[in-house]
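S.K.: Listed here are the chains, written in short residue letters.
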Amino acid sequence: MKPSVLKPVIVSLLFCACARPEQRPPRQETTRPKEIRRFDLIPRGYDLNGFSLNPEWGWSFERHKHCGNDQSRDPSTCSWRFLEDESSTPLTRCNTYPMSVDFSNQWSTWLFGVTCSDSFLIYPGHVNWGDSYGGAVTFEGTLTWDNYASDGDYNFVLDPGPEGEPGPAVLIGVEINSGDFRAVHSKWFQDFKDAVHLHTADVGDFVGARKAIVTGLFGVDAEHMSARDMSVELHPVYAMAVRVGDSKADTDVWAFFVRSRGDEGFCSHRDRAHAVRFGNSKYTFRLPLSCAKADLKWSRNDLCVTGGGGAELAIRVDQKRREALVTISLPETGFVDGDLRFECTGPPFQAAAERTPRPVPRNRAGADRPEPTQHKLEYLRLLDSNGSEMIELKEMVNPQEACGTVRDAGVDFGDAGEFSGAQVECDGGLPLPFVASQAPAVGRLADAGPQAPESGVVERARPNPPEKDYCIRRRHQSAAARAFCAHVNSD
Amino acid sequence: MTTPRALLGVFAALHCTAALADDREDEARTAACIDRYNTDPAFRDAQNDILENPALTLRIRPVGLSLGSADGNDTGGSGRRAYGGGFDADTLITLITGGHTRTGLTAGISGTGYWTPDRTYAFGGEVRLGIGRRRYGVPLLESKVLRFIRPSKCRFERLDLGLDLFRWRVHWVTNTQTPGQPTTFVSSIATVVPSLRFSYADWGWRVMLSVTDVRMVPSVSWGASVGLEAFWHLLSISVLGGGYLDHAYVTANLGLRFEFGTGLSLN
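From first to last, the protein sequence lines stand for chains A and B.
Just so we're aligned: 188 in numbering that gives the first Met the number 0 is position 189 of the first sequence, and the numbers increase by one with no gaps anywhere.
Just so we're aligned: 174 in numbering that gives the first Met the number 0 is position 175 of the second sequence, and the numbers increase by one with no gaps anywhere.
This is chain B alone, in the form it adopts within the complex (with noise of 0.2 Å):
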């Protein structure tokens, strides 16, 4: 699909949302749903997937392709393949609840590993902290596309809005070509990096946007990047595209998704 033609889809999806706003029939029957999960025990279990709390969201992702440079750093170089993988660790610690949302402060760590056949291998890590607001309910004007897709009279959801203020992300890579295998020290900083996760019975999807990607070290560059995940059941497919000023990369994983705990709260 051609650039013009996919952002008229998406302003079709949009707009769609928009007149279904003025639809009274279907918001009579949203809050026919949201009745059902209040006074529906058996419901209100099998919603239990999304109405749960996680105290931790792990996500492990043992196979990765990047294309350009691994997680944007420099293991592969223009037009090189790297192959490894990682895992994701994040939590909301809950400081406030509100009907049905829990606003607090977010940690997230993540682990990777990348390795350019014949050229360079890397591993590293980021640590993230912010704050997040966590909403259950039912998704408000839902768009026919939505429907479309998985179509349900009665669909609960969770959102997950992210605001990580800091995020920092270090990784160490090993020059295999070069005698004695010299290790470069890469180090990059991001601020105010938002992310949306909507989370269904059995899937869900989440974007994440970054534009104030600084890589400080081995040289200064701005960067920025965009993320995308989805999952179904364990599945979790993702992929993450971005740049410096100086290079560009796209990294895609396949993985497992798993959710622990009910949340950790502080109020």
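Chain A with its partners taken away, still in its complex shape (with noise of 0.2 Å):
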């Protein structure tokens, strides 16, 4: 390279090594501010891995508790906080505790402003109660479907009910990208993956209304976000159990996945992950049990882990409490799931009764809508006469890899130990934001003790969802698969 060249090169080296990717350090409150702002997340009490479960937004607290303060619900009449060393305001804050963002990188925002740039408040793209909060909050809830969307994401509604929600009947987005469910092993997440992709059956139909435990970054995608509705979601999802099975049969069965890192897809950074590190590189589930015969037992297991190193489950059966506790061990960057099957005996029983779920529309928008982006991949079966494609694109939706092996860290019949609710009061102060695990320890798993969970991002490559390595793979293998792709490819 000649010297006249060398030059820029190396200025530009200069000046792009100082800019180079932040990690916060974690962060955890230990004193508690006295106001609560309307934005504030109170929590109904912490999962047991420490994250906030079932929080409610403050002003939706001070309203029902009437406190007498700020009770807005506009977060456009409010200032964001998002820096700890953010200037005084002129207007009261929206809340304590710093917001995280991720924002659009995609050219088409920055460059030419025609995606991620409708927000009414401006913010092209992703604000979080992220890092403040351990970096995720845990709900749980009814599950139903809303869509496959054209950034890949597999789109759910989780209904809180009246006793988790944020806010009074405000429903919460689920987003998964369906490139990180390729190797999905559990047999409900592949029959739901080729209700999707294959069109097995009728998505919303499969799904159904079902109970679910949802663990996740909480946040606004504010392109979507109004005066009176946020659009909240969880996105990306750390963990998710589904009950699976039917509840008046003998068995119980939950499908579940745990990972410690996910993208927050169409408007965010692209090659950006969210990562949380659970307690004690832990994650606990604590799923209630309903099957109709008195005696519960565990009865098997069908797991896998992806993603590199190996995982351990461990499994407390609380017959007085009809709970199980589910701690599941996993490395780092591994994906974790199955389902998880509890069988009942012995005389009838009279479980309590649960909560008829709302009626939930399709989606939160308020109505069916149409599935544009499973139209399109309709298209692909009408073209193949002979079937061969459907099986090219089967196999990219569920890819033979190699599954790890789970290691069974033990079963154990015992107290699951009683949930704790937060007793939050008008002058108590903010409550704080997230807790040190509190897991029992279970089985044979090592155990530290408590730990608060961590969050922060790390740099990784969004992966594709099936349809895109179908196509690149196929797209000038066959007429069918060349239509195919470019009706998929376009809007």
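Read the hints as simulated data drawn from the structure, not as lab findings.
Just so we're clear, the structure is a prediction, and the values are computed from it rather than from any experiment.
Be a bit skeptical, because a hint or two may be false.
A short list of chain A residues far from chain B (calculated; beta carbon distances all over 12 Å) [unchecked claim]:
#, residue
1, 43
2, 59
3, 64
4, 162
5, 163
6, 166
7, 182
8, 209
9, 228
10, 318
11, 322
12, 349
13, 384
14, 395
15, 411
16, 412
Subject to a maximum C-alpha distance of 20 Å in a straight line, what follows is the list of computed SDA-like cross-link-like pairs (lysine to any residue) [what the hints assert, rightly or not]:
#, chain 1, residue 1, chain 2, residue 2
17, B, 152, A, 89
18, A, 210, A, 322
19, A, 319, A, 442
20, B, 152, A, 82
21, A, 210, A, 161
22, A, 375, A, 393
23, B, 152, A, 87
24, A, 393, A, 197
25, B, 152, A, 84
26, B, 152, A, 88
27, A, 467, A, 399
28, A, 292, A, 319
29, A, 393, A, 377
30, A, 64, A, 431
31, B, 152, A, 85
32, A, 292, A, 320
33, A, 393, A, 472
34, B, 152, A, 86
35, A, 393, A, 149
36, A, 467, A, 193
37, A, 375, A, 391
Note that the Cβ used here is the ideal one computed from N, Cα and C, for glycine as well.
Assembly of the complex is requested from the two constituent chains, each provided in isolation within its own frame, with the hints serving as guidance.
M.R.: Listed below in structure tokens is the structure:
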């Protein structure tokens, strides 16, 4: 290389050396501010991992407790805090602990302003209750299907119900990148993928309305928020358990997955993964069991770990409380999933009545809407006269990836511990956003004692949805694939 | 600067831009800047130069120098200098408003006059119709180069993305050397001409590219052109370079730039 060419290259490298990714140090609040602000998250408790459980917004808390402080739900008439050293503002603050952001870095946003640019508050991407909250919160509720989005995300809707929602009648979007789900092993999740991509069933009917526990990064996609609807979502999802069995049967089956990193899809950094480190590197679900006979016992697990490293799983079944604590020790980049099957025998048991799920529309906008992405996928089946291309697509949807062993770290029967809700009063100050993990030691899993979760970001290429990889591989191989891929890539 | 070095400089700026995308602290400051606009009336007022949605952008360019042939037409001939000026008037008629964006139809007209001493004079104009999108906000992923030029911790930007679907340019060129001074009619049409304009509080720049410039009269020829404009307060400097298959041209203009009124809207 000529010296005249070297100089600008060196200069450019020096420029860019100053702009490497920064990791914020993990943050844990130790003091409790007195004032509750309208978009602070007020936990109704903490899950066993230390994350805020079923939190509600400050304005909702103030309203139902009749506290008399800021009860406005309008996100445009208060000042959002993003920095520790934020300067003063003429308006009331929206939040106490700084929000985390993940804005679009796509050229169509920063160069042309044609994507992710329609937020009424100008934020070109995601605004999250992130690092300040340990990187995630947990909601429990009823899960229904929304749609398969054009960015390759599976979109669900979670209804936490009146006792768990962030605000009155607020539904929560649950978004999972289909590319992260390629190697999923759980039968229920595989059937779900087949329904989405291969049209083996109507996805809305398949998912139905199921009890679910979801831990993820809680935030808003500012493109979709308004003064009336924050359009909140859990995105990415780090852990999800879905009851897939029939509660009247003699088995109680939960499909689950746990991982520690994921991205926020469109209108975010496509090369950034949000990462959470669970306390003690373990995640624990508290699964309610509801089968209709008195004696509970663990039956068997069908488990898989992918993404490197080994995993361990331990279970405690609490006959009295009819709960199971499922603790998964997972590698840093691992993805653990499977189906957990509990059997019940003996005399009939009348479980406590569960709340009947509210009728939830198929999407958060309040009405059924067509599934444009799925309609596009159906095109391949129409084009594929001999079925060979559908076989190719199926290989992309469910690749035969080696499944690592999840070591059985033991099952015991004992006390799962009582769930302790947070008792927050008007003058009690703002509760801590997260605490150290509270899961009891289960089975033979190593336990270093309570540790708080941490969060940050890592560089990671976003895995492709199955159709994209299918098109990369097949679009020049057949007329059907060529036509399908042109159709899928069109708007 | 040689072409390879200039290109490397551009790549360096773009690369820095991409690297900044990973800077979370910087991203949080961008968010805080947006919040400042959303909540601080004094700051918001200070940004009004950018955040106004001008009904009319008028550029008067009384001083112009053209090498080759003026404005791409046949006034000068190769190597001749032409002097002149003109004006441009553009508007965006909003059809769709979303958040801090305006999307709609763009329309514009220009008028020019040029004189090549002892050879020709020309006058004419241009009509432009297209679609456009205007966005207000904090510049995302702004490069270190931009920050070095104009340091700011909280900068607002108006981004105008335009796509002219139809540009029709006509000129009448009179040859003063020929007895009887015959006038030649020149007409060209361009389609699909993208442009980008970034406006900040007191300065900005614009780039335009046309690769479908077809001269139809007096002879048919295909052409292309690229335009650059920088403005600071009212002062505007612009350069238009391009060529047809039979000749090339470059035109530089110095002028004044005004923005009038608040936006026209049909929604």
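S.K.: For every hint, state whether the structure bears it out.
M.R.: Quick rundown of the hints versus the structure:
No Cβ of chain B approaches the Cβ of residue 43 of chain A within 12 Å, the least distance being about 28 Å, so the stated non-interface status holds. Under the 12 Å C-beta cut-off, the non-interface status given to residue 59 of chain A relative to chain B holds; the minimum distance is some 22 Å. The claim that residue 64 of chain A is not at the interface with chain B holds, since no C-beta of that chain comes within 12 Å of its own (minimum 27 Å). With 12 Å as the threshold on Cβ separation, the claim that residue 162 of chain A sits away from chain B holds: the shortest Cβ distance comes to roughly 32 Å.
The beta carbon of residue 163 of chain A is kept farther than 12 Å from every beta carbon of chain B, the shortest such distance being approximately 28 Å. Every C-beta of chain B lies more than 12 Å from that of residue 166 of chain A, the closest at about 21 Å, which supports listing it as non-interface. For residue 182 of chain A, the requirement that its beta carbon stay farther than 12 Å from each beta carbon of chain B is met, with the minimum near 27 Å. The non-interface label for residue 209 of chain A is consistent with chain B: the shortest C-beta to C-beta separation is roughly 35 Å, beyond 12 Å.
No beta-carbon of chain B is positioned within 12 Å of the beta-carbon of residue 228 of chain A; the least distance is around 14 Å. For residue 318 of chain A, the condition that its CB be more than 12 Å from all CB atoms of chain B holds, with the nearest at approximately 47 Å. Every CB of chain B is more than 12 Å from the CB of residue 322 of chain A (nearest about 38 Å), matching its label as outside the interface. Residue placement check: residue 349 of chain A keeps its beta carbon more than 12 Å from all beta carbons of chain B (closest about 52 Å).
Distance check for residue 384 of chain A against chain B: the nearest CB is about 38 Å away, which clears 12 Å, and the non-interface claim stands. No Cβ of chain B comes within 12 Å of the Cβ of residue 395 of chain A; the nearest lies about 29 Å off, and the non-interface call holds. Under the 12 Å C-beta cut-off, the non-interface status given to residue 411 of chain A relative to chain B holds; the minimum distance is some 42 Å. At roughly 45 Å from the closest C-beta of chain B, the C-beta of residue 412 of chain A stays outside 12 Å, upholding its exclusion from the interface.
Note on residue 152 of chain B and residue 89 of chain A: the hinted pairing holds, with a Cα-Cα distance of about 19 Å set against a maximum of 20 Å. At most 20 Å may separate the alpha-carbon atoms for a hinted pair to count; residue 210 of chain A and residue 322 of chain A meet this at roughly 14 Å. Straight-line distance between C-alpha atoms of residue 319 of chain A and residue 442 of chain A comes to about 19 Å, which keeps the hinted pair within the 20 Å bound. Taking the CA atoms of residue 152 of chain B and residue 82 of chain A, the gap is near 13 Å; set against the 20 Å cutoff, the hint holds.
This hinted pair checks out: residue 210 of chain A and residue 161 of chain A have alpha carbons roughly 15 Å apart, not beyond 20 Å. A hinted pair counts as satisfied when its Cα atoms are at most 20 Å apart, and residue 375 of chain A with residue 393 of chain A qualifies at roughly 16 Å. A threshold of 20 Å between alpha carbons decides the hint, and for residue 152 of chain B with residue 87 of chain A the separation of about 16 Å falls inside it, so the pair holds. Between residue 393 of chain A and residue 197 of chain A the alpha-carbon distance is near 7 Å, which keeps this suggested pair within the 20 Å criterion.
About 14 Å separates the Cα atoms of residue 152 of chain B and residue 84 of chain A, which keeps this hinted pair within 20 Å; it holds. This hinted pair checks out: residue 152 of chain B and residue 88 of chain A have alpha carbons roughly 16 Å apart, not beyond 20 Å. Only pairs whose Cα atoms come within 20 Å are accepted, and residue 467 of chain A paired with residue 399 of chain A is accepted, the gap being roughly 18 Å. The suggested pairing of residue 292 of chain A with residue 319 of chain A holds, with an alpha-carbon distance near 12 Å, which does not exceed 20 Å.
Among the hinted pairs, residue 393 of chain A with residue 377 of chain A is consistent with the structure: their alpha-carbon atoms are about 13 Å apart, no more than 20 Å. Distance restraint check for residue 64 of chain A and residue 431 of chain A: the Cα-Cα separation of roughly 19 Å lies within the 20 Å cut-off, and the hinted pair is therefore satisfied. Between residue 152 of chain B and residue 85 of chain A the alpha-carbon distance is near 13 Å, which keeps this suggested pair within the 20 Å criterion. Distance check on the hinted pair: residue 292 of chain A and residue 320 of chain A sit about 14 Å apart at the alpha-carbon level, within 20 Å; holds.
With a C-alpha separation of about 13 Å, the suggested pairing of residue 393 of chain A with residue 472 of chain A holds against the 20 Å cut-off. Restraint check: the Cα-Cα separation between residue 152 of chain B and residue 86 of chain A comes to about 13 Å, which is no more than 20 Å; the hinted pair holds. In summary, the hint linking residue 393 of chain A to residue 149 of chain A is supported, as the alpha carbons are separated by about 19 Å, within the 20 Å threshold. Of the pairs offered as hints, the one joining residue 467 of chain A and residue 193 of chain A holds, with about 16 Å between alpha carbons and a cut-off of 20 Å not exceeded.
For the hint pairing residue 375 of chain A with residue 391 of chain A, the CA-to-CA distance comes to about 17 Å; that is within 20 Å, so the pair holds.
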